[in-house]
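Assemble the whole structure, with the sequences as input and the hints as a guide.
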Amino acid sequence: MKNSVMLNRHAELPLNKDKANLFLEIMMAITVFLFAVALSGYFLVDTVVNKWNQNIAGSLTVQIMPSETELTEDEANLRLNKVITFFENRPNVSKVVLVSEQQMQQLMSPWLGADTDITDLPMPKLLDVYLENENFDYEKTAAELKELAPYASIDDHRIWLHRLLELAASVKTVAVSVLLMILAVCVLSIFYATCTSLGIYKDIIAILHIMGAQDGYIAKQYARRGFVIGLFSGVVGLLLALLSFRFLAYMSADMEQGLIGNLSLTAANWLALCSLPPITACISMATAYYAVTKTLRKIM
Amino acid sequence: MPINKAISEEPIVDIQNVSIRYGSNPEVLSDIKLSLARGSFHFLTGKSGAGKTSLLSLMYLALKPSLGTVTVFGTNVGFASRDTMALMRRRIGVVFQDFRLLEHLSAYDNVAVPLRIRGMDEAEISKRVKELLHWVELDTSMDKICSTLSGGEKQRVAIARAVINRPDMLLADEPTGNVDDDIAQKLMKLFIELNRLGTTVVIATHSQELINAYNYPRIHLENKGLKIFPALRRVISNEK
Numbered sequence: 001m002k003n004s005v006m007l008n009r010h011a012e013l014p015l016n017k018d019k020a021n022l023f024l025e026i027m028m029a030i031t032v033f034l035f036a037v038a039l040s041g042y043f044l045v046d047t048v049v050n051k052w053n054q055n056i057a058g059s060l061t062v063q064i065m066p067s068e069t070e071l072t073e074d075e076a077n078l079r080l081n082k083v084i085t086f087f088e089n090r091p092n093v094s095k096v097v098l099v100s101e102q103q104m105q106q107l108m109s110p111w112l113g114a115d116t117d118i119t120d121l122p123m124p125k126l127l128d129v130y131l132e133n134e135n136f137d138y139e140k141t142a143a144e145l146k147e148l149a150p151y152a153s154i155d156d157h158r159i160w161l162h163r164l165l166e167l168a169a170s171v172k173t174v175a176v177s178v179l180l181m182i183l184a185v186c187v188l189s190i191f192y193a194t195c196t197s198l199g200i201y202k203d204i205i206a207i208l209h210i211m212g213a214q215d216g217y218i219a220k221q222y223a224r225r226g227f228v229i230g231l232f233s234g235v236v237g238l239l240l241a242l243l244s245f246r247f248l249a250y251m252s253a254d255m256e257q258g259l260i261g262n263l264s265l266t267a268a269n270w271l272a273l274c275s276l277p278p279i280t281a282c283i284s285m286a287t288a289y290y291a292v293t294k295t296l297r298k299i300m
Numbered sequence: 001m002p003i004n005k006a007i008s009e010e011p012i013v014d015i016q017n018v019s020i021r022y023g024s025n026p027e028v029l030s031d032i033k034l035s036l037a038r039g040s041f042h043f044l045t046g047k048s049g050a051g052k053t054s055l056l057s058l059m060y061l062a063l064k065p066s067l068g069t070v071t072v073f074g075t076n077v078g079f080a081s082r083d084t085m086a087l088m089r090r091r092i093g094v095v096f097q098d099f100r101l102l103e104h105l106s107a108y109d110n111v112a113v114p115l116r117i118r119g120m121d122e123a124e125i126s127k128r129v130k131e132l133l134h135w136v137e138l139d140t141s142m143d144k145i146c147s148t149l150s151g152g153e154k155q156r157v158a159i160a161r162a163v164i165n166r167p168d169m170l171l172a173d174e175p176t177g178n179v180d181d182d183i184a185q186k187l188m189k190l191f192i193e194l195n196r197l198g199t200t201v202v203i204a205t206h207s208q209e210l211i212n213a214y215n216y217p218r219i220h221l222e223n224k225g226l227k228i229f230p231a232l233r234r235v236i237s238n239e240k
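These protein sequence lines map, in sequence, to chains Z and A. In this text, residue positions in the first sequence follow our numbering: the first is 1, and each later residue adds one. In this text, residue positions in the second sequence follow our numbering: the first is 1, and each later residue adds one.
Rather than coming from a laboratory, the hints here were simulated on the basis of the structure. Please note that a few of the clues may not be correct.
[Claimed, not checked] Derived pair list, reagent style DSS-like, types lysine-lysine, alpha-carbon separation capped at 25 Å:
#1 K127(A) with K189(A)
#2 K294(Z) with K64(A)
#3 K202(Z) with K64(A)
#4 K144(A) with K17(Z)
#5 K220(Z) with K294(Z)
#6 K125(Z) with K95(Z)
#7 K227(A) with K64(A)
#8 K95(Z) with K82(Z)
#9 K202(Z) with K144(A)
#10 K298(Z) with K64(A)
#11 K125(Z) with K140(Z)
#12 K82(Z) with K140(Z)
#13 K186(A) with K130(A)
#14 K125(Z) with K82(Z)
#15 K224(A) with K64(A)
What you are looking at is a predicted structure, and each value in this text was computed from that prediction instead of being measured.
Listed below in structure tokens is the structure:
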């Protein structure tokens with residue numbers, strides 16, 4: 001990274017030889033890396049929250065416990081159809097779907113293994129009931145169902161799902177706070193590194209002032225350095241973050257998806273991540289420019 | 001004596017009742033008054049520590065007085081904004097005794113700095129800088145980094161940098177101190193030619209030889225004050 005800062009060779013301030021460059025490059029690369037990780041975390045939590053929100057609003061699960069006595073196939077079907085018909089005739093229900101044996105097998109595989117045959121096990125039947133809107137009356141439905149078919153119950157997952165959503169919202173708030181703190185660290189580092197550099201080159205700056213240079217002329221040289229360092233460090237930080245994501249994806253490839261499902265970034269998320277280097281460059285440039293103009297007014 | 005025809009009534013520098021002190025130290029200059037007409041040429045003399053550099057600093061707007069008013073190009077510097085001061089400084093060429101070159105840059109780039117600050121395009125900069133460096137006999141050294149130049153070469157680079165902008169006022173602190181006689185005469189010719197074209201020139205020097213060789217009035221600093229001595233031949237002719 002030592003010779004990475006390509007600056008105008010005519011620049012009066014020898015900023016390409018500034019020892020602070022390496023510090024700024026390393027610090028900003030780490031900052032962008034952390035920012036990218038935190039931002040991705042935010043995006044993924046957001047995706048999960050959206051999925052869960054859809055689940056809450058869109059469906060509920062009905063569990064039909066197996067009979068304690070042995071039933072014929074017709075009796076079992078009658079028992080099941082009674083509940084299906086009950087829900088199909090409820091207002092605000094769009095569709096009732098029986099969870100298939102195959103899906104049940106998949107659901108149970110984390111506990112029983114993929115090869116276990118569950119057909120002989122006393123497994124409950126599950127119904128996915130899809131709702132048209134949020135006006136479904138859970139309490140009334142549950143009471144009527146209990147009267148009609150005491151062996152069936154609505155799995156009211158709203159309570160624990162709401163708790164998870166609250167947790168997810170907290171995680172998102174923490175992620176945003178982390179992002180803001182990283183941004184503040186980045187801006188403050190550039191600001192103080194620039195101020196230090198102004199002290200180092202005060203003699204050259206005094207000469208430039210005597211020759212008629214306005215503060216903006218000097219600030220532009222620092223802004224140019226800020227942009228180059230920001231862009232370079234942004235690319236390095238982002239590449240490190242992408243490598244980390246690849247590593248995490250590789251490590252989690254064999255893990256079960258369970259509750260959170262298949263997590264991936266959307267095209268908009270990727271666009272936001274890829275825009276980090278130019279955004280970092282612009283922030284770095286603007287901070288350096290501001291630091292120079294503000295400090296020169298104070299010290300000269 | 002080359003009396004400039006461009007001398008006008010309004011002074012280019014007007015210093016009224018100015019005192020200068022650094023911190024809580026005693027005053028370096030006390031209650032001085034000085035008006036320099038446009039297109040005038042003066043030597044500035046005085047012992048070391050008499051305040052020559054402070055007076056020059058006042059004139060090139062690097063120093064504000066502790067007391068009194070300084071008016072340059074008709075603007076009271078006490079009320080001028082930073083940007084106005086910067087634009088005023090572009091009209092002033094300064095040669096420092098210690099050159100104050102940008103040591104990491106080439107001779108060419110040092111001379112080009114005032115033009116780049118003005119935002120001139122590189123083709124015009126190249127033309128002007130090469131022409132001037134040729135004139136001060138540095139055309140073979142223009143690409144050398146300043147830290148590798150001799151004292152005399154540095155002095156010529158400093159002078160070229162000061163005059164490249166064709167300034168309205170040129171302030172030079174011992175500008176011929178490090179060069180041989182031939183070059184010194186050539187540099188004086190340059191200052192005289194600039195003066196003929198309208199530039200106000202003030203040259204601080206200890207060299208009585210230089211003062212005697214060129215017939216210009218002299219500002220002499222002594223005992224925190226200043227006296228102005230007219231040009232020698234004029235004094236002689238007045239006495240006659």
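We went through each hint and held it up to the structure:
1. K127(A) with K189(A): Judged against 25 Å, a Cα distance of about 22 Å means the pair holds.
2. K294(Z) with K64(A): holds, 21 Å
3. K202(Z) with K64(A): OK: K202(Z) and K64(A) at ~18 Å, within 25 Å.
4. K144(A) with K17(Z): holds, 19 Å
5. K220(Z) with K294(Z): With a Cα-Cα distance of about 13 Å, the restraint between K220(Z) and K294(Z) holds, given a limit of 25 Å.
6. K125(Z) with K95(Z): Distance of about 16 Å is within 25 Å: holds.
7. K227(A) with K64(A): Given that 25 Å is the threshold and the Cα spacing comes to 21 Å, the pair holds.
8. K95(Z) with K82(Z): Between K95(Z) and K82(Z) the Cα gap is close to 15 Å, so the pair holds against 25 Å.
9. K202(Z) with K144(A): Cα-Cα ~24 Å, so holds.
10. K298(Z) with K64(A): holds, 15 Å
11. K125(Z) with K140(Z): holds, 22 Å
12. K82(Z) with K140(Z): Holds - the C-alpha atoms of K140(Z) and K82(Z) are around 17 Å apart, at most 25 Å.
13. K186(A) with K130(A): holds, 17 Å
14. K125(Z) with K82(Z): holds, 13 Å
15. K224(A) with K64(A): With Cα atoms ~17 Å apart, K224(A) and K64(A) stay inside 25 Å; holds.
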